[in-house]
Amino acid sequence: MSPAERGPACGRLEAAWEVLRQIPDPEVPVISLCELGIVRDLRLLEDGAEGLEVVLTPTYSGCPATELIQDDVRAALAAFGEVRITLQRAPAWTTDWISEEGRRKLKDYGIAPPGPANALATGGVQPIRLVHRAALTKLACPRCGSEQTEKLSAFGSTACKALYRCLSCREPFEHFKPI
Amino acid sequence: MSQQSINVGASPQVQYLLRLGDSCLVLAQRISEWSGHAPILEEDLALSNMALDLLGQARGLLTHAARLDGQGHDEDQLAFLRDERQYLNPVLMELPRGDFAFTVLRNFAVSTWLLLLWRRLEGSSDAELAAIAGKAVKEAAYHQQHAADWVLRLGDGTEESSARMRAALGTLWPYCNELFDSDAVDAAAAAQGLGPDWATLKEDWRAQFFEVLAEAGLELPKDSAYQSQGRRGIHSEHMGHMLATMQYLQRAYPGGVW
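Chains as they are written, first to last, in numbering that gives the first Met the number 0: chain A, 0 to 178; chain B, 0 to 257.
Treat each hint with caution, since some may be false.
[Unchecked claim] Just so you have them, the derived chain B footprint on chain A, three or more residues with Cβ under 8 Å:
1. 61–68
2. 88–97
3. 100–111
[Stated by the list, open to error] For each label pair, taking beta carbons as the anchor points, the in silico distance ranges come out as:
4. B/Ile5 to A/Ala48: 53 to 61 Å
5. A/Ala89 to B/Ile5: 26 to 34 Å
6. A/Gln69 to B/Ile5: 23 to 31 Å
7. B/Glu210 to A/Asp95: 25 to 33 Å
8. A/Asp40 to B/Ser10: 27 to 35 Å
It is worth saying that the hints were derived from the structure and are not from the lab. The C-beta atom is built at its ideal place from N, Cα and C for all residues, glycine as well.
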């Protein structure tokens, strides 16, 4: 269960979570920051000050939306008093933290959601795997469901997405890469 | 009006972080020179995205180095106000972007090296460095796969593409030695558990690099005795020109922001 779904007992925190759940991701506004899995924690300020501390984990090292997201969170929670934002790098964000609801919304929006990230397991030194294009796992088109698709580019309009096209319905689409 | 240059202290820990952070920063700058100029739109996006990942990694490392250096600088000041001799990246990173063959081959050489390095740094005794590595290792895996894909397509492609890859290999190869150089800074890092001596990455790197070259039908290069010295601040003639472009705005308009 992600922190966003834990449902804290405290009413004030619950109200703040409710606000947080409404904040869209600036790059993919169809899903919220909570569904994206980057809101890791929310707590009352411990030093007695009136306000909240929000713990965020950035998606990519160089994601240009990081600052904008912080501004959005600050603005949305302004009514709760002071808002302190802590950027927490470890454990690193993974697409496995995108909620089921988030995945459904991505697909409905036309972005093929990520598969499990463990394919990228990084423990120890491994020989590089040469993957021939034909052997890549087939990705279903989010529009027509056909698995006759091909990758156009490993990188898309943002660092987190790749470009594909469907050979059946001929529509291009984006894929949220597992990481 | 112009801005005075700054220097960082001689602490081995800071030097170790800057060697890596400057590598990410300088390569990000070189790769980003393709933005708007790549041969196809998809590669324009890919190169810009990879530059952005590297820039983000550099930002984390330079922020951390600046904090440890303790002179009150931030990552922007380290990036924009240090002179050439204060930059500690291997010369390989600063070589001009060249043609597309050179760019993808360098990206393959460097991403393979970074991936090995990040994996080791995930276990660093420095929690901040380990956290930066934990994120970067996933990004580097995508960079390596992408670059390897292009090395195969061009090396095992047409007569022209293969000739370009061979020329790129000839240019780049002597500079790869520096990725496995070793000195007191490495020894101190290894002793503290901060990170590996770069020399210990050599064997794994060669195995992976040569595997892809062989698959691409490219002849393995002969070892070169040349040893570039970027890690100690001694750079090629290209570095000053690159920094002049990169630092111009902050030097001319100190503290300028968007």
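Hints and how they fare:
no., hint, verdict
1, 61–68, "holds (count 3)"
2, 88–97, "holds (count 6)"
3, 100–111, "violated (count 0)"
4, B/Ile5 to A/Ala48: 53 to 61 Å, "35 Å, violated"
5, A/Ala89 to B/Ile5: 26 to 34 Å, "30 Å, holds"
6, A/Gln69 to B/Ile5: 23 to 31 Å, "27 Å, holds"
7, B/Glu210 to A/Asp95: 25 to 33 Å, "30 Å, holds"
8, A/Asp40 to B/Ser10: 27 to 35 Å, "34 Å, holds"
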